[in-house]
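Sequence lines, in order, name chains B and S.
The letter at position 140 of the first sequence is residue 140 when you use our numbering, and the numbering goes up by one with no holes.
The letter at position 29 of the second sequence is residue 179 when you use our numbering, and the numbering goes up by one with no holes.
FYI, nobody ran anything at the bench for these hints, they're computed from the structure.
Note that the structure is a prediction, hence the values are computed from the model and not measured.
Take these hints with a grain of salt, some might be off.
[Claimed, not checked] Looking from chain B toward chain S, a few residues come up when the C-beta cut is under 10 Å (computed):
| id | residue |
| --- | --- |
| 1 | G12 |
| 2 | E13 |
| 3 | L15 |
| 4 | E22 |
| 5 | L23 |
| 6 | L48 |
| 7 | L51 |
| 8 | Q53 |
| 9 | R54 |
| 10 | G56 |
| 11 | L60 |
[Stated by the list, open to error] What follows is a set of in silico ranges between Cβ atoms, one per label pair, in the way DEER data are often shown:
| id | chain 1 | residue 1 | chain 2 | residue 2 | range |
| --- | --- | --- | --- | --- | --- |
| 12 | S | G201 | B | G56 | 30 to 40 Å |
| 13 | B | F88 | S | P209 | 32 to 42 Å |
| 14 | B | R136 | S | G208 | 23 to 33 Å |
| 15 | B | R59 | S | K295 | 22 to 32 Å |
Even glycine gets a Cβ: it sits at the ideal position worked out from N, Cα and C.
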Amino acid sequence: MGKKLMVEEHVGELLSGFIDGELTQREQQRVRLHCEACEACNMELQELRSLRQRVGDARLSDVGQDLWRETMNDTTVRTTRGTGWLLFIGGLLVAVGFGVYELVSSDSSMSLVEKLVVGGVYGGLLLIFISVLRQRLIERKSDKYKDVEI
Amino acid sequence: MTEPIKTDEMRHELLNLGGGAYALAVQILGNAEDAADAVHDALAAALGRPGIYDAQKGPVKPWFLRMVRNRSIDLLRRRRSTSDRVEELADAAPGPAEAAEAADDERILNLALAALESDQRQIIVLRDYMDLTYAEIAAVLDIAKGTVMSRLHRARIALRNAYREHDG
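Given these sequences and hints, build the entire structure.
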């Protein structure tokens, strides 16, 4: 009767704790005794152990620490990122300044209509850029993970 | 009182964690390229500003993995298009196998993993692949330590069932 009761009360999640060595001595003893009497739980224990071994041996990551070491130590990557942004924003400012000068300059050979069309296209692009930038800044500000990330 | 960690030690530990962190990110994002970005960003943030780590709040490992996880979730949230996620995840397993049988076994395992929920994949990678303790897993996933065992067990049962399905 005692054995039957023990078998009926399957140990469930304690099997995982048993495999991982996260149980108290008393719980370990309970699982051990139960598995000796319960074929289903014993089989489950073996299956889960085997699967844990498979996951542990699997090559879930094809990149080792060397890659991260190389990447993080790559000064080219670090410097080019900052320089890239600097050049982009600098170039954009010069282009906008030159465009505005061309549009308002009396020396320009462009007619008023041409100036309006060109001004409209570039003005539109600038507005889209500002809109995207603003959206990104808002996303960054309202990101609930920002405190964790940086 | 916990000793403040030296930057060199932290650098060494973080770089050693890179591979495991990448595996975790792949399980969340289902995309090798995005996963590499997430880990790279987290490494750059952690190594660029080591002062953001507070040794009083716990060890480096769960702190960094949590950072990688949050970055991955952030990327996923932005990407949204996950229609081909499962297929990519199954293909995320690397390179040539040394033996045909082992390769097949690993392919089945990856297919089975891909069939699980993201939370289940994460907890399995953290425990069975990276060998984190339940306390560390709780810190990474931001859940109570008492719930780790039940979640992990459910994930393992789901993985076993999925494995059987693909193996059969």
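Quiz item: Hint by hint, which ones does this structure get wrong, listed from lowest number up?
Solution: No numbers; nothing is violated.
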